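Letter by letter, the chains look like this.
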Amino acid sequence: MPIENEIRRLRFENGEMTQQALAERVGVTRQTIIAIEHNKYSPSLEAAFRIANAFGVPLEQVFRWKSD
Amino acid sequence: MSNQANKLEGSSMSFREKSAWIAFLAYGGVFGAYFVVLWQAWDPAYGQGLSIGLLVSAMFAFVIIVTALTIVAALINPKAANAPADERERLIDLKSERAASYTLSTGVLLTMAGLLLGFNGFLIANVLLAGLVAAELVKAGWQIVSFRGVLQ
Numbered sequence: 001m002p003i004e005n006e007i008r009r010l011r012f013e014n015g016e017m018t019q020q021a022l023a024e025r026v027g028v029t030r031q032t033i034i035a036i037e038h039n040k041y042s043p044s045l046e047a048a049f050r051i052a053n054a055f056g057v058p059l060e061q062v063f064r065w066k067s068d
Numbered sequence: 001m002s003n004q005a006n007k008l009e010g011s012s013m014s015f016r017e018k019s020a021w022i023a024f025l026a027y028g029g030v031f032g033a034y035f036v037v038l039w040q041a042w043d044p045a046y047g048q049g050l051s052i053g054l055l056v057s058a059m060f061a062f063v064i065i066v067t068a069l070t071i072v073a074a075l076i077n078p079k080a081a082n083a084p085a086d087e088r089e090r091l092i093d094l095k096s097e098r099a100a101s102y103t104l105s106t107g108v109l110l111t112m113a114g115l116l117l118g119f120n121g122f123l124i125a126n127v128l129l130a131g132l133v134a135a136e137l138v139k140a141g142w143q144i145v146s147f148r149g150v151l152q
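Going line by line, the protein sequences match chains A and B.
Counting from 1, one number per residue, gives the positions in the first sequence under our numbering.
Counting from 1, one number per residue, gives the positions in the second sequence under our numbering.
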């Protein structure tokens with residue numbers, strides 16, 4: 001996947017938020033959060049914004065394009 | 001970063017993945033057994049009475065197994081069972097449906113070939129059933145490997 005993310009770090013910095021808690025805030029399953037976190041699934045723009053919103057940070061602080 | 005935030009790192013199955021496993025095992029087990037018995041009993045002397053009874057039994061067993069296992073899965077986590085599919089699950093569902101449609105199309109083509117070759121109605125019906133079962137196995141199998149992260 002060409003997109004990297006900082007979800008794991010952001011979860012840690014936000015009171016050790018669990019994947020389940022993040023999933024509930026975003027409106028997806030925990031398995032989808034795991035897939036996103038491990039770069040196995042690129043979320044839709046809406047889900048990406050929801051994740052950023054859950055952490056209270058701009059989108060670019062959560063996701064970034066992985067340049068070669 | 002290895003405290004509570006990572007306690008749930010292991011990816012247990014979602015309700016839809018469990019459903020895919022239930023479908024895969026039920027279709028594979030019940031109709032696999034059906035076709036094995038059918039193959040072993042393949043003799044024109046048996047006639048269609050046995051096969052229709054066997055098919056009804058297989059369908060009955062399939063419905064019972066799927067219903068019972070789905071109820072158990074739903075009881076284990078009712079919240080997940082009632083939740084709508086999320087975007088990744090919908091995408092996996094669409095891709096698995098596409099793969100299943102190719103399989104079913106192949107089954108239909110084989111059925112047409114059987115008609116042209118003069119197969120009897122009983123054989124044609126079972127070729128079509130095999131195509132349908134194969135399509136459902138492909139669908140469930142595709143979902144399982146997708147949920148496991150093997151397919152993107």
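Please keep in mind that the hints were generated in silico from the structure rather than gathered at the bench.
Keep in mind the model is a prediction, meaning the values are calculated, not measured.
All C-beta atoms in this analysis are idealised placements derived from N, C-alpha and C, irrespective of residue type, glycine included.
Mixed in with the good hints there might be a few duds.
Mimicking SDA-like on lysine to any residue, the simulated pairs with C-alpha atoms at most 25 Å apart in a straight line are [as the list claims (entries may be wrong)]:
id, chain 1, residue 1, chain 2, residue 2
1, A, K40, B, E87
2, A, K40, B, G141
3, A, K66, B, R148
4, A, K40, A, N14
5, B, K95, A, A21
6, B, K79, B, G149
7, B, K95, A, N39
8, A, K66, A, S42
9, B, K79, A, E16
10, A, K40, B, F24
11, B, K79, B, L91
12, B, K95, A, L59
13, B, K79, A, I3
14, A, K66, A, R50
15, A, K66, B, W21
16, B, K95, A, E16
17, A, K40, B, A68
18, B, K79, B, A68
19, B, K79, A, E4
20, A, K40, B, L132
21, A, K40, A, R50
22, B, K79, A, K66
23, B, K95, B, W21
24, B, K95, A, E46
25, B, K95, B, L132
26, B, K95, B, V36
27, A, K40, A, A21
28, B, K79, A, M17
29, A, K40, B, W21
30, B, K95, B, A130
31, A, K40, B, A130
32, B, K95, A, I3
33, A, K66, A, H38
34, A, K40, B, P84
Now the stretches of chain A that chain B is said to cover, found in silico as 3 or more residues with beta-carbon under 8 Å [to be verified]:
id, segment
35, 35-45
36, 48-58
Computed list of chain A residues with no C-beta within reach of chain B, every gap over 12 Å [unchecked claim]:
id, residue
37, E4
38, Q61
39, W65
40, K66
These are the hints, each one checked on the structure:
no.	hint	verdict
1	K40(A) - E87(B)	holds (14 Å)
2	K40(A) - G141(B)	holds (18 Å)
3	K66(A) - R148(B)	holds (24 Å)
4	K40(A) - N14(A)	holds (23 Å)
5	K95(B) - A21(A)	violated (28 Å)
6	K79(B) - G149(B)	holds (23 Å)
7	K95(B) - N39(A)	holds (19 Å)
8	K66(A) - S42(A)	holds (12 Å)
9	K79(B) - E16(A)	holds (23 Å)
10	K40(A) - F24(B)	holds (23 Å)
11	K79(B) - L91(B)	holds (21 Å)
12	K95(B) - L59(A)	violated (28 Å)
13	K79(B) - I3(A)	violated (31 Å)
14	K66(A) - R50(A)	holds (21 Å)
15	K66(A) - W21(B)	violated (35 Å)
16	K95(B) - E16(A)	violated (34 Å)
17	K40(A) - A68(B)	violated (32 Å)
18	K79(B) - A68(B)	holds (18 Å)
19	K79(B) - E4(A)	violated (31 Å)
20	K40(A) - L132(B)	violated (31 Å)
21	K40(A) - R50(A)	holds (18 Å)
22	K79(B) - K66(A)	violated (36 Å)
23	K95(B) - W21(B)	holds (17 Å)
24	K95(B) - E46(A)	holds (21 Å)
25	K95(B) - L132(B)	holds (17 Å)
26	K95(B) - V36(B)	violated (30 Å)
27	K40(A) - A21(A)	holds (20 Å)
28	K79(B) - M17(A)	holds (20 Å)
29	K40(A) - W21(B)	holds (21 Å)
30	K95(B) - A130(B)	holds (21 Å)
31	K40(A) - A130(B)	violated (34 Å)
32	K95(B) - I3(A)	holds (22 Å)
33	K66(A) - H38(A)	holds (14 Å)
34	K40(A) - P84(B)	holds (21 Å)
35	35-45	holds (count 6)
36	48-58	violated (count 0)
37	E4	holds (15 Å)
38	Q61	holds (17 Å)
39	W65	holds (17 Å)
40	K66	holds (15 Å)
Of the numbered hints given earlier, the model fails hints 5, 12, 13, 15, 16, 17, 19, 20, 22, 26, 31, 36; all others are met.
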